[in-house]
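S.K.: Note that the protein sequences, when read in sequence, are chains P and X.
Residue numbers 1 to 414, in the working numbering, belong to the letters of the first sequence in order.
Residue numbers 1001 to 1414, in the working numbering, belong to the letters of the second sequence in order.
FYI, nobody ran anything at the bench for these hints, they're computed from the structure.
Predicted model, so just to flag it, every value in this text is computed and none were measured.
Please note that a few of the clues may not be correct.
[Claimed, not checked] Here are the computed lysine to any residue pairs in the SDA-like style, where the Cα-Cα straight-line distance is at most 20 Å:
1) P:Lys4 <-> P:Thr189
2) P:Lys333 <-> X:Gly1196
3) X:Lys1354 <-> P:Thr189
4) P:Lys113 <-> X:Asp1398
5) X:Lys1016 <-> X:Glu1165
There are 2 protein chains.
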Amino acid sequence: MNAKDVLIQKCKAAKKAFTVLSSSKGEQRNAAVLAMADILVKNSFAILEGNNKDIQRAEAEGMRESMVDRLRLTETRIGAIANSLRKVAALPDPLGGGEVWNRPNGLTIRRIKVPIGIIAMIYEARPNVTCDAAALCIKSGNAVLLRGGSSAIDSNIVIAGLLREAVSSLGLDGECIQIVEDVSRESATELMKLNGYVDLLIPRGGHSLIRSVVDNATVPVIETGAGNCHIYVDYDADIDMALSITNNAKTQRPSVCNAAETLLVHTDMADKFLPELKKAMPGVELRGCERARKILTGINAATEEDWFNEYNDYILAVRVVDNVAEAVDHINKHNTKHSESIITKNLNSAEYFKTNVDAAAVYVNASTRFTDGEEFGFGAEIGISTQKFHARGPMGLDALTTVKYLIDGDGQIR
Amino acid sequence: MNAKDVLIQKCKAAKKAFTVLSSSKGEQRNAAVLAMADILVKNSFAILEGNNKDIQRAEAEGMRESMVDRLRLTETRIGAIANSLRKVAALPDPLGGGEVWNRPNGLTIRRIKVPIGIIAMIYEARPNVTCDAAALCIKSGNAVLLRGGSSAIDSNIVIAGLLREAVSSLGLDGECIQIVEDVSRESATELMKLNGYVDLLIPRGGHSLIRSVVDNATVPVIETGAGNCHIYVDYDADIDMALSITNNAKTQRPSVCNAAETLLVHTDMADKFLPELKKAMPGVELRGCERARKILTGINAATEEDWFNEYNDYILAVRVVDNVAEAVDHINKHNTKHSESIITKNLNSAEYFKTNVDAAAVYVNASTRFTDGEEFGFGAEIGISTQKFHARGPMGLDALTTVKYLIDGDGQIR
């Protein structure tokens, strides 16, 4: 069978399993997620064996140690994964419920939440995504087709096998979790075009993975994770706060999407703030506009490309602006609609910024690093949407549902 | 300028107007919609002049009288349009509001509703859509790009000019309503590819218009209005109710998307029900499966194609099934996920049908014709979504919004 036929066969098995899963009770789905947590812990030896193959291959191929570490599982890490699944099980059921209302003609209309169908995920190295994505999908009544990266394939195959076994043990059909063993580029491309089989595709990973999915997919996609985030330091900002937030947003974890990439600073603040910033972030390369380079002599010039760049690295572009309006204009022209923050004591500046910045999350006096399902209190997230449709910002279980109207009558006609 | 440049210029003007509109207060947007209603009534003579050109052209081209009638405006019809705009003004503001919660670290998170941006509509003949779409967009803070059909272009130009004047008179920027005067196919195709300018495209019209937009658009689209709807008559249905609902769903307005196209009937009910149905609907052509044709001798055979066909005409496909499960299987295989109805006295059949049919609206003992924003109590609708993303079923003002998280802190970092 070619790559496409294999995928279609998996989708058909998933669809059949979906019909059972989608009409199951919340308790049954929770029990399945708890069983998934338990089976991982009980079989950690088998998982570590699979993971060890991935690690050996990665080391033989000369993978960077930081990347090898992301790939590595340990008993402790498996325990942490199991705990995160138990947290998912404890979240409220995202299905059913809903409002009920009556119409003057006697019809009763009920709006309920239902699962979407078959959710496909294309993602990169870390094997914990396999567990999280499967748990979030099962909890929300969706079947899932998991296409992880080639470097984690041996871990993922063992994990998915265990998760399927756990689901089956609870009277559901384990086929609702499908793993794509073929990690060729061809198989990924075919997956993006499985219209009629895949109801939603969520890419998770680096910029080029997301771009490739958005550009090539013909199935519905939720675009996630592109983050060109800004910090704007207003004329009257508390300098210590501005330094602490800028430093945190840039350096606490530069590789993630909610890290800051450009600093904008009010011209009346720039002379004081920029030299202190340079001192406070010795490991960060600053690239400045002309005005910034007059204050920080010797730093490189930022080009138009820099304003659009998501460095994901210890580099920060710096631009001096005349006022909050100019800051907002710069942001709306260059951002990816992810997360933006203003540091100010002025209520008008804060209001103007919140009203006019076009982004999923707009902060006043806080780090952009908080845009995250757990930090927002959603319990778990399947990604951070940077589009405006269906879901925007951190996506919890609710983003994996759609609605259905159930209407009861006793013979009503128009 | 070529078609694309003209469209881009309109989008740029709309975007500028959007920044004012999107931060306006609800009262100002309501006042604008009321002014739109008033200006139409006050200038009905000018509108009728424009409409008369459309009517004369249509008659000269030999348009069917029923279509000419859809196109025709009268003082009464303009009054009705104005009233529908006043109803839109009276609806609750879809923007702002939202939940507020606090996090243990002191952050306050507020989730508010914001407009989407520039909404484009591609639609067919009736000039009232121009008014309804503009009113719904203005009310929800969105700019709108209206591309109506060529047959109504003279009416639409007059109407849009008046609506822009009304909006401007209230201190907003009339450029938030844009009309595409170029009704060539080229201009429509360019509009579908205005990525970066058009935030959402909603097609409204017949099957081929919707198909063309869904197949060709690269901007986000909400697919509307494809309706292959079914009535399933269960073994114990009240025969009079089943006849009345089937007749209503098929014949009250066969051209609309929530009309029924296929009747499924339980084998134990078919002998009694089908002959009475034939008698009750003399003007409807029935096309049957083999078992139906043994009962209704002389009717045409339904082919596999018929089960997929949205006739929008006085034709009904008829199939005899063994039980509710077979009915649901038939529906899920052939439907467009719009509206489906079961006629039954049996609670288990009703529950099975509601749980397992995959459609936006699932009815028990009522006509599918009720799937409509006004009938659902939403006040007005911009279309009926047959997709699962962002909006499903009748789309009211809420479907024209997205969310934004506003986070207030006092220096929080991670």
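S.K.: Given the hint that lysine 1354 of chain X pairs with threonine 189 of chain P, does the C-alpha gap stay at or below 20 Å?
M.R.: violated, 36 Å
S.K.: Would you mind confirming whether the straight-line C-alpha gap from lysine 4 of chain P to threonine 189 of chain P stays at or under 20 Å?
M.R.: Answer holds: lysine 4 of chain P to threonine 189 of chain P is near 9 Å, not above 20 Å.
S.K.: With a cut-off of 20 Å on the C-alpha distance, tell me whether lysine 113 of chain P and aspartate 1398 of chain X pass.
M.R.: holds, 16 Å
S.K.: Are the Cα positions of lysine 1016 of chain X and glutamate 1165 of chain X separated by 20 Å at most?
M.R.: holds, 17 Å
S.K.: Would you check the hint for lysine 333 of chain P and glycine 1196 of chain X, treating anything up to 20 Å between C-alpha atoms as holding?
M.R.: Distance ~11 Å between lysine 333 of chain P and glycine 1196 of chain X Cα, so the pair holds.
In terms of the numbered hints stated before, the structure departs from hint 3 and from no other.
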